[in-house]
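K.L.:
Chain by chain, the residues:
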Amino acid sequence: MAEKVLTVCPYCGSGCKLNLLVENGSIIGAEPAHGVTNEGELCLKGYYGWDFLNDTKLLTPRLKKPLLREHRRDDFKEVSWDEAIDFAATRLMEIKQKYGADSIMMTGSSRGPGNEANYVMQKFARAVVGTNNLDCCARVCHAPSVAGLQATLGNGAMSNSICEIEDTKCILVFGYNAADSHPIVARRIIKAKEKGATIIVCDPRFIETARIADLYLPIRNGSNMAIVNAFANVLIEEELYDKDYVTRYTEGFEQYKAVVAKYTPEYVEKIAGVPAAQIRQAMRIYAAAPTAAILWGMGVTQWGQGVNVVKSLSGLALLTGNLGHPNCGVGPVRGQNNVQGACDVGVLPNSFPGYQKVSDPAARAKFAKAWGVPDLPANVGYCLTEVPHLVEQGKLKAYYIFGEDPAQSEPDLAGFREAMRNLDLVIVQDIFMNKTAMFADVIFPATSWGEHEGIYSSADRGFQRFNKAIEPKGDVKPDWEIISLMATAMGYPMKYNNTEEIWNELRELCPIFYGATYEKMEGLGYVQWPCPTEDHPGTTYLYKDNKFDTASGKGLLIAADWIPPHEPTDEEFPLVLCTVREVGHYSARTMTGNCRALTTLADEPGYVQINRADARKYGVEDQKLLWISSRRGKVVVRALVTDRANEGAVYMTYQWWIGACNELTGGHHDPVSRTPEYKYTAVKLERIGNQAEAESRLLKEYDELRASLAAAVG
Amino acid sequence: MNKLVIADPGRCIGCRTCELACALAHSAPDALTTLSPASFIPRLKVVKTATVSTPVQCRQCDDAPCVAVCPTGTLVMGDHSVQVIPSRCIGCKSCMIACRFGVIEVLPCEMNLSDRQPFGTTHVEAVKCDLCESRGAGPACVEVCPTKALYIVDSVVLAQAALKRREHSAAMLVIGGSDGYMSHTGG
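Those protein sequence lines, which keep their order, are chains Z and H.
Sequential numbering of the first sequence, starting at 1, is according to my numbering.
Sequential numbering of the second sequence, starting at 1001, is according to my numbering.
Chain Z extracted, bound-state conformation (with noise of 0.2 Å):
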């Protein structure tokens, strides 16, 4: 009989309950639990997407033991903790001593390794090496949510819960694929239609969503902040905005009028390429409602004026009032398991845990006392997309990467390859062997979800307990754990014997999270922040008695004018690029790419997203590989003739390494978040004429990446 361990799924931020069957010390499946946002479901990454624990290697070796190499032109060789940990430690110093504790950078994971690693990943940057240049991969995904609201409504995160979707009256899907990227609050989407509720959706592409929405508005790639700016001036010309909740509760309206006054439906329409009468439609429907809630995803931040359209969509919240109450608000769905995690305990260049900011003078002291330093650093640090830029100033020296695989991720990957290769110390701290592994000097390997336990926080700012389920294999250790060695190694002694011990000196420094306790989080267990008191139940939804969590107390009304993409197509390359998402894969694709059932339905190279009159424009053909470049490089992809892509805009999913979209994508973005306009690439699509050869390339390119990687780790 299989032992159950109840854990929380690793891939996207649902925050699905599961049971672990385990049997000799091996997994030997999953099955659902009752958590709370999944109420006994899971997809397919939840069902089948644990087997890389048995380090299959279908994709690449799991790291078992720490490498090290003195010269990048050399091999990794295996060497002790001590070793490693020595070596890692001594270089950091001696740059931190020759060019300051600014010329070091470190991330957190937004993944497996959970809220206390992080932690202790922050306060190592802040009290041991002496810096804020600390960021996560939130920065290619909802940074622009995070700063959006935080100006806006003063809270960065869902103001509602994933549960509370289904109970709306209408829900506005803004740039946001839940069926590829949460089945689970697909499945909340669907329940609220089913229980009568109005759907109107937002995007370039025939998702699934707008299959059963009432409406489908599909906008010109490239057109948010103007159909945003329209969605506005409905809402105020045709004054079906709820006055008295302006009038209120919110600030900066007349500016905000005045900006969207020449955002005419007849204007936008020229813009967006969708009629003035249903630009105008939806906002009737949005504003009839007696709750709406708006959801979105990287189709609003992925952008060079992420920001913007974000402050603008919580406008429209504020404008008819949906925010304050149950079953309405403002719904960032935050992508990674652990993303809004990583940002909760301080992963981010301006922020101490629990979004204390790090300009701050009291916070400073407050952290700097319970860490036993004199001072910690006042300036807010470095993002992770400034990287290549940094180095090539000279001003990034180290790179201590930690969970997260940036040379898949980033955008422009050759120019982020040859960041790498110019830094002068290079520290990855992963689970398996990566392509950013391919750079480092010394390489930590480190225990995987299902190998240890903590706290993670889904995308409604819900904090739940995940387990151990088996003994790790190898010379492996939990990330504090590794970090604490680090930490140790550079002059600060750091030592904790579990992930409680660290969440208790967390908690105690975040008003917002210090009720939520182990205890609380039991079993199936879930708090969402804010929680202040050990009594309190935690909050499903923010702004109770809209009140905002801004200076004022009040929400901003901010608007901004619509800016044109960054890379415009021309006749050299007369598609649009637009990078998306791939149901059973994960992020870089280490995990789900070492599971054999998600790796048997969808493999390298990945998939080019046409439509049928491009595909018959350009002369590519259903399933035939092809060749797909921007200025900046050149993969080879398949091609999927499909009329739910719009005419000029091709879609690749990012998880792939061969045929991997971000060997295509710029570096522009946007100003105040620093996200990658991935959302926009000049492309052009060239014809393979020998499809045989091309075939048989493919497998060998695939078998020589494989290969490579198993040799690293030896």
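Hint data in this document are derived by calculation from the structure and do not stem from the laboratory.
Keep in mind it's a predicted model, so treat the numbers as computed, not measured.
Each hint should be verified, as a subset may be incorrect.
To be verified - List time: in silico PhoX-like cross-link candidates among lysine-lysine, alpha-carbon distance up to 20 Å: (1) Z:Lys624 with H:Lys1048; (2) Z:Lys64 with Z:Lys468; (3) H:Lys1148 with Z:Lys195; (4) Z:Lys369 with Z:Lys357; (5) Z:Lys634 with Z:Lys684; (6) H:Lys1164 with Z:Lys195; (7) Z:Lys77 with Z:Lys477; (8) Z:Lys468 with Z:Lys520; (9) Z:Lys191 with H:Lys1148; (10) H:Lys1048 with H:Lys1148; (11) Z:Lys193 with Z:Lys169; (12) Z:Lys193 with H:Lys1148; (13) Z:Lys554 with Z:Lys243; (14) Z:Lys684 with Z:Lys617; (15) Z:Lys395 with Z:Lys96.
Fit chain H to the known structure of chain Z by using the hints.
P.N.:
Chain H alone, transformed into the frame defined by chain Z:
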């Protein structure tokens, strides 16, 4: 009357969890560690057209064309479904041609799955949805579907649905009231 598994396209999100559950339910217990594209044989397939996403699988026809055309008695009527006796299959593809829904495949199979020596050298097998007959918990696809798009239809479900629709029809007549065309034509 036969039972069948069918999907509500209004609920399907095209995630293919059902395909994996199906393939694994019809494989050896350790299939999750050995599965490959070659051995991945789901008996239902998610179809995505311009406007519809839905898994498609056998309707378990009561007057089944596949059963009627099969020359070797491979396809037979079971208690509440159309079943396959793999050892009888010669791979003539009559069932594939006869099937109105495109949900039977004739595939090469491994020797050990068949209890019959082939006439020649090729082992083949008609493959279709068997409602997970040998699985105690019922159809695996229904169990795993995260949006509960898949469900079992039997005579009870059909009767309930028909009753609901009759009630709806009755309500429509009441709404029609004295303006209903029957009263006019009658008077």
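K.L.:
Hints the structure violates: just list their numbers, smallest first.
P.N.:
When the structure is compared with the hints, none of them turns out to be violated.
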